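*Asks:* Chains A and B supply the protein sequences, listed in that same order. Numbered by my numbering, the letters in the first sequence go through residues 1 to 322 in order. Numbered by my numbering, the letters in the second sequence go through residues 1001 to 1308 in order.
One or more of the hints may lead you astray.
[As the list claims (entries may be wrong)] No more than 25 Å apart at the CA atoms, straight line, and that leaves these computed lysine-lysine pairs for DSS-like:
| # | chain 1 | residue 1 | chain 2 | residue 2 |
| --- | --- | --- | --- | --- |
| 1 | A | Lys122 | B | Lys1299 |
| 2 | B | Lys1193 | B | Lys1299 |
| 3 | A | Lys122 | A | Lys260 |
| 4 | A | Lys260 | B | Lys1077 |
None of these hints come from the bench; they were simulated from the model. Quick caveat: nothing in here was measured; it's all calculated off a predicted structure.
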Amino acid sequence: MRLKQAQASGNTVLRKKNVFSRMLAQWDLQILLVPGILLVLLFSYVPMYGVVMGFQDFQLGDFPGFSQWVGFKHFQTMFADKYFGLAMRNTLVISALKMFIGFPLPILFAVLLNEMNFQPLKKTVQTVSYLPHFISWVVCATLMFDLMSTDGGAINEFLMWIGVVKEPIGFFTEGKYFWGITLCTDIWKELGWNAIIFISAITSISQDMYEAADIDGATRAQKMWHITIKSIKPTIILMFIFQVGGILNANFDQIMMLTKQMGNSMLKEYADVLDTFIYRLGVSQGRFSFAAAAGLFKSIVNFALLLGSNYVAGKFGEAQLF
Amino acid sequence: MAKNPNKIRAKRVASDYVIDIIMIVTIVLVLVLTLYPFLNALAISLNDSNDTTLGGLTIYPRKFTWRNYELVFTNQKIWMAYFITIARTVIGTVGGVLITGMLAFAISRTNLVGKKVYAMLCLIPMYFGGGLMPTYFLILNLGLKNNFLVYIIPALVNLWNMILMRSYFQSLPEALEESALIDGANYITIFFKIYFPLSTPIIATIALYFGVQHWNDWFQANLYITQDYLKPMQNVLLGIVNEAKFAEQMASAGMGVTIDANMLKGKETNVRSITMATMFVTIIPIIIVYPFLQRYFVKGIMIGSVKG
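Work out the full structure: start from the sequences and follow the hints.
*Replies:* This is the structure in structure tokens:
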């Protein structure tokens, strides 16, 4: 009773001492997380405090957070900025393409691979399909520039050989191809890797279900749909939540590399996404506060989308992130 | 898969064969489309550069030569960049696995005082970040500009990797910890002598993640490093690609610029061959390593997907 009263009246001194002495008693365990937690505080939380520069006019040399306050000025400028609108459009289009075309393909690949019974080939395909994931976008873009070059690039040679086009296509000189290129290179790079999680989900499906379906005379297509895909639905939904939460991340590395760090001005109209917009403002043009405001906007929208899709998944009684 | 004699063989219908065909086509397509760009690049890098300009090179070199690689390795810049890349990958991976692993282990213990607070501290940054600008000024204020440590320190803790490791440690039997505590071991010993050696699959996976992240990173150097001798391979390759395209554009405009003065001083070769050779030098270690770690990272992803 006394203890309860003490806690209720907020005798924090006593409690703090308690926690502290309990921590001290397990110093050997606490010490293991000290470096990690300090680094998280420094590199994750200090920048979170740093977002106040989005509401200020930060000048070089200012102590962070102690510049002139300007309220929502940068946000107003941003929403009025023509390039912000363009970046928003490109981000959303590229994300939508990746979501509606890029997302289902690894699932399809995993399900088809499951139908393969010749193990050596199955293993080989898997190993090969992971390869591009481990290669940087710098290297990937190097390969793509070569493949898509107008001067003897394999893709143009092939298209001319089968007679689809007469003249080589200038993939990187005309903006209109860029969205397609972004989608295709992304699929090329991540198909196998993104399929792993679905493949491992499939391997945990009980074989009994397939055998029972065999007895009932189910066709393969029916088994694929009613057993395989239905069983991995929670995994699919979980991955989709992540995908929605990342709508505003239109793969910075990829876009930067394919546009030669935005140096290819012919592509800008279709290639400038939020991340490159922020990078350009902040690093190239030195409009630090403006860039910080845009970055904060992006973080908040992403976070809201993640919570939103998580909530919707929960509403429908599906797998949730938290 | 071993043939099970008791397995009931369902009668195959037409749609079953259609699925077979779709499956085979998909697999062949994935194999060819994935491998062709690499094999083509390899062929270019191993082919005589004058011969390459004639075009029509596919997946094997027509006039075999090591010349392009010799040229790449006579460049002092490449050696330095390779050294920087290896150094940051080794130090960054060992440090990252250690610091992230220690954090993951501590958070995985049920009797950790302040567990909820620590877990919350780690959860928030996974979904919300301060963004590029605040981070940029933090790094500058820490004096990490043009400092090798900018590659290492900010990347020591990766919270996504931490969650994977935590799930793994949680899955190990608690009796391990209890019996060691009874024998008078402290948690530092328990972690390094008992849990660490028992966690090969997850450590291999996380080491691979850290390693690949360090090996492939170009952005840190792009933002914070202006001195050439501190630049890693990726940035050197980037420089060559950009200069090459610039040189090509100039040449096609009839201005006859001398191609990448540093790289090819007075040597007869073609930008494309050098680019591809440099690219292969950049990716060879990764291509060699990842297949051996495959069984680990597939398992590692499975652990991560079963959310703890």
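*Asks:* Compare the structure with each hint and give your call.
*Replies:* Structure-based check of each hint:
1. Lys122/A x Lys1299/B: holds, 17 Å
2. Lys1193/B x Lys1299/B: Holds - the C-alpha atoms of Lys1299/B and Lys1193/B are around 23 Å apart, at most 25 Å.
3. Lys122/A x Lys260/A: Violated: Lys122/A and Lys260/A sit about 36 Å apart, past 25 Å.
4. Lys260/A x Lys1077/B: holds, 21 Å
When each numbered hint is compared with the structure, a violation occurs for hint 3 only.
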